[in-house]
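Order-wise, the sequence lines are chains S and P. By the count of this note's numbering, the first sequence reaches residue 734 at its end, each step adding exactly one. By the count of this note's numbering, the second sequence reaches residue 1338 at its end, each step adding exactly one.
Incorrect hints may have been included.
[To be verified] The calculated lysine to aspartate or glutamate pairs, modelled on EDC-like cross-linking and capped at a C-alpha distance of 16 Å, are:
{"no.": "1", "chain 1": "S", "residue 1": "720", "chain 2": "S", "residue 2": "730"}
{"no.": "2", "chain 1": "P", "residue 1": "1335", "chain 2": "S", "residue 2": "604"}
{"no.": "3", "chain 1": "S", "residue 1": "731", "chain 2": "S", "residue 2": "605"}
{"no.": "4", "chain 1": "S", "residue 1": "120", "chain 2": "P", "residue 2": "1040"}
{"no.": "5", "chain 1": "S", "residue 1": "258", "chain 2": "S", "residue 2": "225"}
{"no.": "6", "chain 1": "S", "residue 1": "120", "chain 2": "P", "residue 2": "1043"}
[What the hints assert, rightly or not] Pairwise CB distance ranges, derived in the manner of DEER restraints:
{"no.": "7", "chain 1": "P", "residue 1": "1103", "chain 2": "S", "residue 2": "583", "range": "47 to 53 Å"}
{"no.": "8", "chain 1": "P", "residue 1": "1335", "chain 2": "S", "residue 2": "69", "range": "52 to 58 Å"}
{"no.": "9", "chain 1": "S", "residue 1": "16", "chain 2": "P", "residue 2": "1005", "range": "39 to 45 Å"}
{"no.": "10", "chain 1": "S", "residue 1": "420", "chain 2": "P", "residue 2": "1256", "range": "31 to 37 Å"}
{"no.": "11", "chain 1": "S", "residue 1": "161", "chain 2": "P", "residue 2": "1125", "range": "55 to 61 Å"}
{"no.": "12", "chain 1": "S", "residue 1": "672", "chain 2": "P", "residue 2": "1298", "range": "36 to 42 Å"}
{"no.": "13", "chain 1": "S", "residue 1": "677", "chain 2": "P", "residue 2": "1183", "range": "57 to 63 Å"}
{"no.": "14", "chain 1": "S", "residue 1": "493", "chain 2": "P", "residue 2": "1101", "range": "41 to 47 Å"}
{"no.": "15", "chain 1": "S", "residue 1": "671", "chain 2": "P", "residue 2": "1003", "range": "34 to 40 Å"}
{"no.": "16", "chain 1": "P", "residue 1": "1101", "chain 2": "S", "residue 2": "574", "range": "49 to 55 Å"}
{"no.": "17", "chain 1": "P", "residue 1": "1298", "chain 2": "S", "residue 2": "417", "range": "33 to 39 Å"}
[As the list claims (entries may be wrong)] Residues on chain S that point at chain P, a partial pick, calculated with CB under 10 Å:
{"no.": "18", "residue": "266"}
{"no.": "19", "residue": "423"}
{"no.": "20", "residue": "730"}
What the hints contain is simulated information worked out from the structure, not anything from laboratory work. From a predicted model like this one, the values you see are computed outputs, not experimental measurements. Just so you know, even glycine gets a beta-carbon here, dropped at the ideal spot from N, CA and C.
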Amino acid sequence: MNAYVGTPTSRVDGRAKVTGAAKYAGEFAADRLLRGFVVEATIPRGRISRLDTSEALKVKGVVDVLTHAHRPPLADKDDAWKDEVAPEKGSPFRPLYDDRIKFSGQPIALVVAEDWETAKFAASRIRIDYEEEAFATDLESERGKAAKVDQPHKPRGDAVAALARAAVRHEADYVIPSEHHNPMELYATTAVWDGSGRLAIYDKTQGVQNVQKFLCSVFGKKPDDLRVISPYVGGAFGSGLRPQYQVVLATMAALALKRSVRVVLTRRQMYGLGYRPMTIEHVALGASPDGTLDAVTHEAIAVTSCFEDFSRNDTGWGEQLYKSPNSRLSHKLVHLDVATPCDMRAPGAASGVCALECAMDELAVALKLDPIELRLKCYSDRDQSEDLPYTSKQLRQCYARGAEAFGWARRNPAPRSMRDGKELVGWGMATGVWEALQMPVAVRIVLTANGHAEVSCAASDIGTGTYTIVAQVAADALGLPIENISVRLADSTLPQAPVEGGSWMAASSAHAVLGAAEDIRQELARLAKAMPDSPLADLDAAKVTLVDGMIASNDTNGAAVSIADVMHHSKLERIEKEKLNQFAEDKSHARNTHSAVFAEVKVDEQLGVIRVTRVVSAVAAGRILNTKTGRSQIMGGVVWGIGMALHEETLMDHRFGRIMNANIAEYHIPVNADIHDVDVIFVDEPDDRINRLGIKGLGEIGIVGVPAAIANAVYHATGKRIRRFPITLDKLLE
Amino acid sequence: MNNFQYSRASDIADAIRLLAVDPSAKLIAGGTNLIDLMKENVERPSRLIDISHLPLRDIEETADGGLRIGALVPNSDLAYHPMIEQRYPLLASAILAGASAQLRNMASVGGNLMQRTRCAYFYDTATPCNKRSPGTGCSALDGLNRNHAILGTSRFCIATNPSDMSVALAALGALVHIAGPTGARTVALTDFHRLPDDKPHLDTILGSGEVITAIELPPRGFARNYSYLKIRDRLSYAFALVSVAAALELEGNAISEARLALGGVAHKPWRSLEVEAALRGQAATPDHFGHAADLLLQGATAHSHNGFKIELARRAIVRTLMQATSATPQSQSHKKIA
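Let's have the full structure, built from the sequences with the hints guiding it.
Shown next, in the form of structure tokens:
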């Protein structure tokens, strides 16, 4: 029965969110709650030679100032600081660990006071002297120091030779700046001391169990000592995959002072966390005159910190999209005196596919081919990196449906050929691709005799709609109205879940719900058969369905028993089943989502002002669990893609090694005026191999391809190819 | 944030007295800029003197047919006031080009004149800035200066004035009424803000203990041929890279009176009487407007990242004057540039 799955079900937590009933990490109350304020380093590299807290401690209301010289013990081995998504190589950052400064904005003290204003004021009374050291923060000037990291893909053929002999070549650098996530909710932790040494830690995170294990390891605590809870998250986009430093500081202060402590970062301090690393993406394509691709090389040079090797798959996406007998991919890192980057929506793909898809557009121009035609000529039915077929790949349909909805056939291919009054009109397109991953997740369902079910899991809902889709899948599987399902998420004591990220949570959690519901159904069937005079007595327990509060035979004889009766007869108030869903490892197929993105820009010819007037995103992502939250996901990705194309850039002054636009007035993201028509099309993509429900996940795919589609549209409008993002109007005036 | 005292002024004289006895006190009305600066430890006033309740909220006609606008009129109320919409639509348009609805609701007219530069170095206490800490140096000169001034700069400061409203007020020839310990005085809006010279910490000519009480608009409103065009990095809620306030009186196609002021290019709204005089008597054509732009931008100097502003300003001036000529002013709600 599918009363809910596949429908535009409204968010089950929507009302709580818009009325303020939903509580976020920084909103939980506690008796005698202390507030912490973070003091940051203002230099990028060196040592603290003096940290004088005496004046701060004299401020009335200040309880303590924690520093590297005054804090509870912390683990001293790197392994203890490695959370489940930490980079493999490196030494994770340890707040207040020692006197070393590794990046500007690093936390170096926590002022703890009876109220936040007092803590903030006292923070300004702390005197810090540094022994400054030479530093470097500029990727472009340090490009020569780039060092190769392990290649995710083996080279295929001889791309260098193939490029050299190619009839048509395109080769360029695309520069994508560092970008910060800027979720609306600030990073916050409220650590509640219960009087016995145990802490309930309300934290903004994408993974409560990851944070819980990390804190236990850092503070040498037992699992029962620390419980991490994160019922709602006001946006994270990858920034909350790793435990952030405020949870360490709040926990540290609560343990040291034996009181409840809340630490909320300021917007400026949010720029001391992870970010999308700046990359220089070098792409070279070689083709024959008919548009057959012969060589693809893609080298990404990315920023990382001096203490961790953070790298993502920027360069491998061409292997999925375009048939080429020769390819060479490499990823290099430059170690700079900055914070470690982290995942940000479609990490690797948002940047790498942007470069690849701009390059494909440039190649299409060189070949005098329509950009879609070139992509269809090179269309790959197999993932070339492992030479695998796909569980499903309806990218051709994305091109066709997207082009039709957009009116692509009416495009005049010549740059500067279309206009609307004083504005040049440009139409551009690009392809998007992301992974369809699945992770082990456990779910517990408690069915009560009153026909209500509670579904619980440690997974977070970072605003993506996990509460809602879990309720939908459970309602269908248990044959109950969705109002009778309550969902509990994001408590470390609940059944196991990984961090919410990588677009894997929808498929993973939905199948865990199916598994637990299946066990409930079997239990009910067994009990129903055992009832006196049961109409289901002779039935195969596997051949019943839960529907409308009944256990019904799948046969057409109409035999059914009410769940309430079964439980009453069995003298059961509740049936509880917990199931860990493990996806069978299937290395025989590649699993990906795809999209085709079409963008219209209008550019004021004289002034260079760019408006993105239309975007059509046609997405193939298997079965869509919820067409309403799904559409929102894609729209959000499109909006972000517009920002990536035109607005977003973390600006650092390399003389100071400091980020100079660490606020959302000067760090530009799109505002309402920047967003016009956004049309989302879900292409039908049946997939009975990937998982039972045919789900792939939508978290990331929405942004991939959007920046390139816009950049390509700007080229079509103006004849100017801007390869350094964001495309601001000054670059068009040059 | 610093600790500070709070006083509620009982009247204007009380505000002047409180200011005069404490040079590090600050007036607060809407607080839309001051509070931000206090949170960043850029402003550290010893005392906030609250004037938000004082009776400076009237908009009334003056004897000569102009308008007198109380210093505490909220920006939104001013933009939507029928007399402003009908007689001074250039001012209404400029106000609506600035900030967000929420900020305009809080911000006062006097406070708008007093808002400080958005130079990133001014805001970051970890970097040198002559405006914030005189004598420490100007980080923007050789730093991130894409948003910075091209006109009237000094080697001490290249910050811009961020106000949109002030640009229209400059073009309209507005006056600023000031009350102080030694009595009242009136200055032209164009003389109210300073150039940075060697004292960039001083944004305005306001002396110790002085309070803005009103803005006065002369009778001439240019309600037919005007436009305010703001060019920025996104289509709303961003400070101007360049903005232009243009107002004309036309006889046929001949210019009988012209007003032209620029925002986002200098430490103050940039207006030149000489340029306006040169336009008078000319035909309203793109060529003549281009000459006027060249004249107004004479002496413009580029720093490492803001050279584009010179050509952008030139083009924006011509476009805005053409919008004014054709009586098709730039809409502040529809972002397509007319």
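Is 52 to 58 Å right for how far apart the beta carbons of residue 1335 of chain P and residue 69 of chain S are?
54 Å, holds
Hint says 36 to 42 Å; check whether the CB-CB distance for residue 672 of chain S and residue 1298 of chain P agrees.
39 Å, holds
Next item in the hint list is residue 423 of chain S. Is there a CB on chain P closer than 10 Å to its CB?
Constraint on residue 423 of chain S satisfied, holds at 7 Å.
Is it true that residue 16 of chain S and residue 1005 of chain P lie within 39 to 45 Å of each other by Cβ?
Since residue 16 of chain S and residue 1005 of chain P have Cβ atoms about 42 Å apart, the given range 39 to 45 Å holds.
Measuring from beta carbon to beta carbon, are residue 1298 of chain P and residue 417 of chain S in 33 to 39 Å?
Roughly 38 Å apart at Cβ, these two residues keep to the hinted range, so it holds.
Residue 1101 of chain P and residue 493 of chain S - C-beta distance against the hinted 41 to 47 Å:
For residue 1101 of chain P against residue 493 of chain S, whose Cβ atoms are near 44 Å apart, the range 41 to 47 Å holds.
Would you check the hint for residue 120 of chain S and residue 1043 of chain P, treating anything up to 16 Å between C-alpha atoms as holding?
Answer holds: residue 120 of chain S to residue 1043 of chain P is near 15 Å, not above 16 Å.
Do the beta carbons of residue 1101 of chain P and residue 574 of chain S sit within 49 to 55 Å of each other?
Holds - the Cβ-Cβ distance for residue 1101 of chain P and residue 574 of chain S, about 52 Å, lies within 49 to 55 Å.
Has the given pair, residue 1335 of chain P with residue 604 of chain S, been kept, meaning a C-alpha gap of at most 16 Å?
11 Å, holds
Under the criterion that the straight-line Cα-Cα distance not exceed 16 Å, is the pair residue 120 of chain S, residue 1040 of chain P satisfied?
10 Å, holds
Would you mind confirming whether the straight-line C-alpha gap from residue 258 of chain S to residue 225 of chain S stays at or under 16 Å?
Holds. Residue 258 of chain S to residue 225 of chain S sits at ~13 Å (cutoff 16 Å).
Keeping to a limit of 16 Å between CA atoms, is the pair of residue 731 of chain S and residue 605 of chain S held or broken?
Cα-Cα ~13 Å, so holds.
The structure shown violates none of the earlier numbered hints.
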